[in-house]
Amino acid sequence: MNDTDLKYLWQTGNEQIAISQKSDKTSLDKLTKRNVSHFLSSMKPIKIFTLLVGLLWVFSIGYVLIKLTINAYDQVSLYFIYSAYFQVMLTAVAVILYIIQLSTLYSIDFNKPVVILQKTLIKLKASTLNITKILILQLPFWTTFYWNESMFKNGTLPLFILQGAVTISFTYLSLWLFFHLKFENADKWWFKLLLQGKEWEPLITSIDILNDMEEEVGSDKD
Amino acid sequence: MAKNNLHQTFHEIIEQHKGLLFKVARTYCGNEEDRQDLIQEIRIQIWKSLPKYDANFAMTTWLYRISINVAISFYRKYSIRRQYAIAETLPPVIDQLPNDLQEKFNLLEKFIAELNEMDKALIMLYLEDKSHLEISEIMGISVSNVGTKMGRIKEKLKKRFLNHKEN
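Sequence lines, in order, name chains A and B.
Using my numbering, the final residue of the first sequence is 222, and nothing's skipped along the way.
Using my numbering, the final residue of the second sequence is 389, and nothing's skipped along the way.
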């Protein structure tokens, strides 16, 4: 089958399809309503819940911490207060990134060349990975907030060794993941192990498509 | 553009280019329900993008950009359903064609459905008789790259037809 045959086949078949098509008289009002409901339905309950919990956490814990700093700074453990500050700050950064990501996703202009827009969209979606990395940085602070001066004065060697091992390993793990959770490692076993599940499937698919597109653009440079 | 004018322009565009929308949807969706959803998604994006339409580009270039972008994003979002869609055979919508032509058309659609998202768009534009320059404007890749990729995709399709004939 040559090029002309292929084009003839496609065009003849599609002429018949066009004839069989009825006009879609969906009103603009219905379309606009559908647009809003589409936006809300794509905001899965789990995403809304995560966002609300994140905001509630940042504001409530942040408020308590500021109150404690102002009114009872000498009475609370500094390990507790600074660990909590770092934890809340990192959560706040993640929440802000998440809101920016969602709002950018829904205001994107589809009138862009296909490869360019799709790359932008995929990279934006993949920024979920950056949010995860920010949250992972919190890990070490969950191992230090319960430290206090009395622990250092009265603690035993095994306690220090255990505590030190836990904090150092959590710090190492969070930093290692922070620097290694990226596209290039999507085919590694630990990446798949960490990011398995339905929530991550679209991201993994996106990474594959992005790699295909990098090839498209890459061959432009050849 | 006044709002009433915008409404009228929108309806005229949709009416005039309904075939284009349907062809994109049929290229990317295997089942009727998905196809109708996709067409509505495309219409929403056309409506949202209409105030930003740049008259320097041909209307069809603009419409293809939006339609293909929505189609690819739509199917990425429903990646699980997509797997089923590829496996499905597109329902024949034509009964006025001679049997052998209808069979070949169905095969062509089936083979196109097996291609990846980018190749589907490229071959659809080629079969629509778009020039390499227009395709490069729609897709955002160089004209020479369009030529190279097109040659590869056409070869793939021809091989599929040949293999099917031999079997």
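Simulated from the structure, these hints should not be mistaken for lab results.
Just so it is clear, CB atoms sit at the ideal spot from N, CA and C, and this is done for glycine as well.
Any given hint could turn out to be false.
[Said to hold, decoys possible] Ranges between beta-carbon positions, derived for each pair: (1) Arg374(B) - Ser60(A): 26 to 36 angstroms; (2) Ser364(B) - Ser60(A): 18 to 28 angstroms; (3) Asp187(A) - Leu323(B): 40 to 50 angstroms; (4) Asp187(A) - Asn385(B): 22 to 32 angstroms; (5) Thr4(A) - Glu237(B): 28 to 38 angstroms; (6) Asn2(A) - Ser364(B): 22 to 32 angstroms.
The hints, checked one at a time:
1. Between Arg374(B) and Ser60(A) the Cβ separation comes to about 58 angstroms, which falls outside the hinted range of 26 to 36 angstroms.
2. Checked against the given bound of 18 to 28 angstroms, the beta carbons of Ser364(B) and Ser60(A), roughly 54 angstroms apart, lie outside it.
3. Asp187(A) and Leu323(B) have their C-beta atoms about 44 angstroms apart, which keeps the hinted 40 to 50 angstroms range intact.
4. For Asp187(A) paired with Asn385(B), a C-beta distance near 31 angstroms keeps the hint of 22 to 32 angstroms intact.
5. The hinted window of 28 to 38 angstroms between Thr4(A) and Glu237(B) holds, with their beta carbons roughly 31 angstroms apart.
6. Judged by the Cβ atoms, the range 22 to 32 angstroms given for Asn2(A) and Ser364(B) holds: they are separated by roughly 26 angstroms.
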